[in-house]
Amino acid sequence: MKKIEVTLKNVVNVIREFYKPTKHHFLTLNGLAIDEQTTEIQWIFSEYAKTDEIIVFYVDVKEDDVIPSIVEIIPSAIISQREIVDMFGLKVEDSQSGLYLDEDSLAKPLSFGCAI
Amino acid sequence: MLESLKKAFTNLFKKPQTISYPVGEIKKPKDYRGLIEYSEPDCIYCLKCEKACPPGAILFVPTENPSDNEKNKKSQIYEYNPWLCIYCGECVRACPKPQEALWQSEKKPNVATKGDRVNDGWFEIETLKKEGIK
Amino acid sequence: MSKKTINIPLGSQHISLLEPIRFKFTCENETIVGIDSDVGFVHRGVEKACSSKFKFDAIPYVVARICGLCAITHSLSYTMAVESLLDGEVTQRAQYLRVLMVELDRIHSHMLCLSHVSENAGFEAMFMRIMGDRESVMDLQEALSGNRVQFDYVSIGGVNRDIQSDVASKVKETLSELRKKVEGYIEEFENNWSLSLRYKGIGALSKEEAYSYNAIGPLARASGIITDVRSESTALPYNDIGFEIVTKEDGDIYARNMVRLYEMLNSITMCENIIDSMPEGEIFTKLKGKPEGEIITRLEAPRGELMYYVKGSKKPILDRVRIKTPTFSSIPAFMHIFEGEEYANAPAILASFDPCMSCTAK
Chain A
1 MKKIEVTLKN
11 VVNVIREFYK
21 PTKHHFLTLN
31 GLAIDEQTTE
41 IQWIFSEYAK
51 TDEIIVFYVD
61 VKEDDVIPSI
71 VEIIPSAIIS
81 QREIVDMFGL
91 KVEDSQSGLY
101 LDEDSLAKPL
111 SFGCAI
Chain B
117 MLESLKKAFT
127 NLFKKPQTIS
137 YPVGEIKKPK
147 DYRGLIEYSE
157 PDCIYCLKCE
167 KACPPGAILF
177 VPTENPSDNE
187 KNKKSQIYEY
197 NPWLCIYCGE
207 CVRACPKPQE
217 ALWQSEKKPN
227 VATKGDRVND
237 GWFEIETLKK
247 EGIK
Chain C
251 MSKKTINIPL
261 GSQHISLLEP
271 IRFKFTCENE
281 TIVGIDSDVG
291 FVHRGVEKAC
301 SSKFKFDAIP
311 YVVARICGLC
321 AITHSLSYTM
331 AVESLLDGEV
341 TQRAQYLRVL
351 MVELDRIHSH
361 MLCLSHVSEN
371 AGFEAMFMRI
381 MGDRESVMDL
391 QEALSGNRVQ
401 FDYVSIGGVN
411 RDIQSDVASK
421 VKETLSELRK
431 KVEGYIEEFE
441 NNWSLSLRYK
451 GIGALSKEEA
461 YSYNAIGPLA
471 RASGIITDVR
481 SESTALPYND
491 IGFEIVTKED
501 GDIYARNMVR
511 LYEMLNSITM
521 CENIIDSMPE
531 GEIFTKLKGK
541 PEGEIITRLE
551 APRGELMYYV
561 KGSKKPILDR
571 VRIKTPTFSS
581 IPAFMHIFEG
591 EEYANAPAIL
601 ASFDPCMSCT
611 AK
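Protein chains in written order, with my numbering: chain A, 1 to 116; chain B, 117 to 250; chain C, 251 to 612.
Please note: incorrect hints may appear among the correct ones.
[Unchecked claim] Where chain C lies over chain B, by a calculated footprint (3+ residues, C-beta under 8 Å):
{"hint": "1", "stretch": "120-132"}
{"hint": "2", "stretch": "147-153"}
{"hint": "3", "stretch": "188-195"}
[Unchecked claim] Reference listing, derived: stretches of chain C covered by chain A, where coverage requires no fewer than 3 residues with Cβ under 8 Å from a Cβ of chain A:
{"hint": "4", "stretch": "312-319"}
{"hint": "5", "stretch": "418-427"}
{"hint": "6", "stretch": "482-495"}
{"hint": "7", "stretch": "562-572"}
{"hint": "8", "stretch": "575-583"}
Hints were generated in silico from the structure; no laboratory data involved.
From the three backbone atoms N, C-alpha and C, an ideal C-beta is built for every residue, glycine too.
Assemble the whole structure, with the sequences as input and the hints as a guide.
So this is what it looks like as structure tokens:
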């Protein structure tokens with residue numbers, strides 16, 4: 001598994017240069033709560049017809065940052081972005097809440113220290 | 117298409133596939149996963165079965181009249197909840213004396229009624245374990 | 251002059267729906283032009299429970315209860331992820347027994363989808379026939395593991411019960427009768443007009459759209475993409491037992507039915523090869539230590555590709571378990587397919603996707 005670090009400003013350009021639709025396969029977005037103010041967001045890719053090749057881009061975000069959206073490059077990322085908004089309470093461009101929880105609920109189950 | 121017509125016609129004369137339970141019997145397979153049974157004189161009170169159980173259906177709680185076993189140093193007694201158990205057998209695999217002190221039989225649990233106090237009785241046992249005898 | 255549109259729901263309670271999902275269609279004269287969906291009806295919070303309440307050796311039993319049909323694939327995928335973070339090795343006999351259960355599970359899950367598809371075409375007699383033949387596969391799984399639906403068969407280090415010789419001969423006998431029945435189904439699905447003419451050209455997904463929407467599973471293989479996790483990962487011994495990829499070209503409902511039928515034939519061949527060449531040895535080895543580090547594993551469930559991400563730091567309770575289920579990543583693809591189709595075909599298209607909502611909203 002290869003891990004590559006990016007920043008919030010250049011993640012859209014890095015993914016646009018890297019991703020080719022007939023060669024790479026986008027799996028999902030993932031979040032990981034490190035402590036009360038920091039969360040690590042990961043974009044996970046794999047390659048068609050090669051064995052055991054997984055590539056991960058990651059960045060650390062704080063509570064008020066806005067994560068850019070990659071829906072123009074990869075149309076199927078919209079559902080993973082809506083899940084990050086519900087479960088961690090972060091802000092993502094062009095994605096509204098309401099996929100798993102109610103639209104006006106205050107709960108953020110997977111953020112650090114949330115006792116639900 | 118003629119094949120489907122022939123097949124549909126012969127299906128009229130077959131007997132149904134449902135088993136008429138409880139009038140008819142269900143055949144249990146060999147090695148059916150049933151209730152867990154315990155024999156107190158062989159137990160060494162190591163508490164490995166309590167740590168291995170995934171839903172927490174085995175608890176050792178403090179009691180005021182302990183048994184005569186010399187290994188029972190903290191005066192505990194064994195409690196088992198057959199309606200929380202998932203019959204996986206992890207406790208039998210974790211026990212140091214698997215066929216003498218703890219084993220899995222082939223009996224089915226009986227249906228719970230209101231007099232069994234399934235929820236309230238078990239909540240009292242869990243509070244007793246957390247806080248001790250008052 | 252703009253045309254007037256009406257809103258029709260395919261609600262969470264509907265006569266031909268098996269799963270709790272809700273769509274709101276915007277239609278002009280029976281053609282669908284817009285769509286909105288809602289999927290979180292059975293959210294239970296399993297990911298939060300795995301990182302706060304249960305210890306790492308009890309989680310195979312928790313995670314198997316996310317879904318009833320794909321229970322063994324969830325539990326096996328988590329177990330493979332944790333075993334690579336501990337030290338020790340699993341024996342070959344245990345790996346072969348695990349693959350036997352996964353392939354038997356794939357056979358009966360495809361039978362459920364095919365029977366639901368033929369019920370939506372109006373052919374109820376076929377629905378009853380396939381469901382009746384499915385019972386023999388579940389009887390085999392009960393003889394192997396002790397239970398028909400939730401097997402509790404896989405634990406960290408190996409499997410729980412061994413296979414005896416009379417169970418092995420019963421497996422081979424049942425599978426050879428099942429092969430003749432599956433060849434009968436292939437003939438019916440190709441020649442009977444309710445199932446072949448009715449479904450050609452409906453719900454089609456072309457190859458470029460499948461690449462851009464990242465389709466997985468039988469959906470991608472019916473559109474012509476050659477992708478299967480069983481040939482892209484080396485954790486389980488699929489290359490030694492005769493695995494072959496099945497693809498078709500058109501991408502409509504008829505092609506997806508054919509892909510599922512030929513996959514069932516391939517699974518029957520693989521199960522017979524496993525019983526013939528089972529290696530000797532123990533079925534369980536004790537692995538020591540607590541998990542440390544992070545790992546990603548993938549496995550081929552009957553509906554597509556399943557991914558697990560596990561992170562631990564030498565404590566009994568893990569830091570993070572992330573589960574990506576196959577229906578979760580197929581939802582953008584089916585929202586695209588519905589545009590331009592007629593409203594009366596909507597239940598049939600939904601049944602051919604084989605959705606599993608309790609996996610999606612964990």
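We went through each hint and held it up to the structure:
1. Counting residues of the stretch 120-132 of chain B whose CB lies closer than 8 Å to any CB of chain C gives 4, which reaches the minimum of 3, so the coverage claim holds.
2. Residues of the stretch 147-153 of chain B lying with their CB closer than 8 Å to a CB of chain C number 3, which satisfies the three-residue condition for coverage.
3. Counting residues of the stretch 188-195 of chain B whose beta carbon lies closer than 8 Å to any beta carbon of chain C gives 0, which falls below the threshold of three, so the coverage claim is violated.
4. By the rule of at least three residues with a Cβ nearer than 8 Å to a Cβ of chain A, the coverage given for the stretch 312-319 of chain C is violated, with 0 such residues.
5. Check result for the stretch 418-427 of chain C against chain A: violated, 0 residues qualifying (beta carbon to beta carbon below 8 Å, three or more required).
6. Remark: the stretch 482-495 of chain C is confirmed as covered by chain A, as 3 of its residues place a Cβ nearer than 8 Å to a Cβ of that chain, reaching the required three.
7. Only residues whose C-beta sits within less than 8 Å of a C-beta in chain A count toward coverage, and the stretch 562-572 of chain C has 3 of them, enough to reach three; the restraint holds.
8. For the stretch 575-583 of chain C, the stated coverage by chain A holds: 5 residues have a C-beta nearer than 8 Å to a C-beta of that chain, and at least 3 were required.
Checked against the numbered hints listed earlier, the structure breaks hints 3, 4 and 5; every other hint is satisfied.
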